[in-house]
Amino acid sequence: MVAAGHYRNMKGVATAILLLLFSATANADVLTVAVAANFRAAAESIAQHFSAQSEHPVRIVSGSTGKLYAQIVNGAPFDVFLSADQCTAHALGIADAAIAKTQTTYAIGTLAYWSVAQPTQTEPDWPAMRRLALANPRTAPYGAAAHDVIDALVGDARNTRYVQAENVAQVYQFITSGNVDGGFVALSQLKQSEHLGASVYWLIPQTLHRPIVQDAIITKRGAQNPAAAAFLSFLRSDATQRVLQDYGYVTAPSHANRANERCR
Numbered sequence: 006m007v008a009a010g011h012y013r014n015m016k017g018v019a020t021a022i023l024l025l026l027f028s029a030t031a032n033a034d035v036l037t038v039a040v041a042a043n044f045r046a047a048a049e050s051i052a053q054h055f056s057a058q059s060e061h062p063v064r065i066v067s068g069s070t071g072k073l074y075a076q077i078v079n080g081a082p083f084d085v086f087l088s089a090d091q092c093t094a095h096a097l098g099i100a101d102a103a104i105a106k107t108q109t110t111y112a113i114g115t116l117a118y119w120s121v122a123q124p125t126q127t128e129p130d131w132p133a134m135r136r137l138a139l140a141n142p143r144t145a146p147y148g149a150a151a152h153d154v155i156d157a158l159v160g161d162a163r164n165t166r167y168v169q170a171e172n173v174a175q176v177y178q179f180i181t182s183g184n185v186d187g188g189f190v191a192l193s194q195l196k197q198s199e200h201l202g203a204s205v206y207w208l209i210p211q212t213l214h215r216p217i218v219q220d221a222i223i224t225k226r227g228a229q230n231p232a233a234a235a236f237l238s239f240l241r242s243d244a245t246q247r248v249l250q251d252y253g254y255v256t257a258p259s260h261a262n263r264a265n266e267r268c269r
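Heads up: the sequence shown at position 113 corresponds to 118 in my numbering, and the numbers run straight through without jumps.
None of these hints come from the bench; they were simulated from the model.
Just so you know, even glycine gets a beta-carbon here, dropped at the ideal spot from N, CA and C.
Treat the hints with care, as some may be off.
Okay, derived cross-link-like pairs now, EDC-like style, lysine to aspartate or glutamate, Cα gap no bigger than 20 Å in a straight line [unchecked claim]:
{"id": "1", "residue 1": "Lys225", "residue 2": "Asp101"}
{"id": "2", "residue 1": "Lys72", "residue 2": "Glu171"}
{"id": "3", "residue 1": "Lys196", "residue 2": "Asp101"}
{"id": "4", "residue 1": "Lys225", "residue 2": "Asp34"}
{"id": "5", "residue 1": "Lys196", "residue 2": "Asp153"}
{"id": "6", "residue 1": "Lys72", "residue 2": "Asp101"}
Label pairs and their calculated CB-CB ranges [unchecked claim]:
{"id": "7", "residue 1": "Gln53", "residue 2": "Leu158", "range": "32 to 40 Å"}
{"id": "8", "residue 1": "Gln246", "residue 2": "Thr212", "range": "22 to 30 Å"}
{"id": "9", "residue 1": "Leu158", "residue 2": "Ala235", "range": "19 to 27 Å"}
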């Protein structure tokens with residue numbers, strides 16, 4: 006005959022084991038997505054729709070593409086990476102920190118010049134600019150594209166006085182604070198801006214910079230989470246395409262298979 010106290014102890018252990026198993030299952034369904042700074046607002050909207058349909062909670066972590074890459078390589082607990090370019094996602098696959106075959110293009114970004122102090126509908130007077138803000142060209146693809154633009158319009162970006170930000174989110178902050186004449190941001194930021202007011206931005210012609218093809222990839226950690234593959238599929242859905250358009254992005258599936266060519 007089993008003593009009552011012993012039975013209660015066994016029952017308590019069984020309950021604890023069930024709770025641990027339930028907790029592990031629940032945590033596996035939580036999706037952590039590392040997102041390039043330019044895409045944060047759009048990603049939050051997409052994540053909200055995804056969670057409503059799939060019941061998988063989504064946690065968004067944003068930053069510069071280069072810094073997120075370094076964090077993933079060093080074991081950061083991200084399941085999906087939404088890069089601001091193709092080559093960083095490609096590099097994660099090469100480094101065996103992500104699943105190369107899952108890499109896919111989710112959006113193409115549009116670069117814009119914006120100034121609160123000197124709004125313009127035409128090409129800005131570049132020589133008159135005292136200080137321009139752009140994201141770090143070494144870690145932020147939108148910064149690299151902005152660097153291309155300065156090279157094309159001014160002649161040599163190295164001789165242009167500009168304020169370097171960590172990412173396009175910080176460029177936006179510099180402009181709204183009035184600390185710079187203007188700067189290069191993502192069109193997506195301006196589409197949802199509360200500070201746009203009467204100011205006018207100038208869309209940078211695509212011919213002046215490298216294409217901002219943005220790719221997604223599932224990390225090694227994400228390969229163990231079914232929600233990661235489901236989220237990538239959701240990125241390609243019609244509902245997501247409408248969100249992308251609202252935020253100033255376009256899609257171009259033909260770019261998805263050109264990462265090897267572009268990133269050599």
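Hints and how they fare:
{"no.": "1", "hint": "Lys225 with Asp101", "in the structure": "8 Å, holds"}
{"no.": "2", "hint": "Lys72 with Glu171", "in the structure": "9 Å, holds"}
{"no.": "3", "hint": "Lys196 with Asp101", "in the structure": "36 Å, violated"}
{"no.": "4", "hint": "Lys225 with Asp34", "in the structure": "16 Å, holds"}
{"no.": "5", "hint": "Lys196 with Asp153", "in the structure": "23 Å, violated"}
{"no.": "6", "hint": "Lys72 with Asp101", "in the structure": "17 Å, holds"}
{"no.": "7", "hint": "Gln53 with Leu158: 32 to 40 Å", "in the structure": "39 Å, holds"}
{"no.": "8", "hint": "Gln246 with Thr212: 22 to 30 Å", "in the structure": "25 Å, holds"}
{"no.": "9", "hint": "Leu158 with Ala235: 19 to 27 Å", "in the structure": "43 Å, violated"}
In this structure, the hints that do not hold are numbers 3, 5, 9, in rising order.
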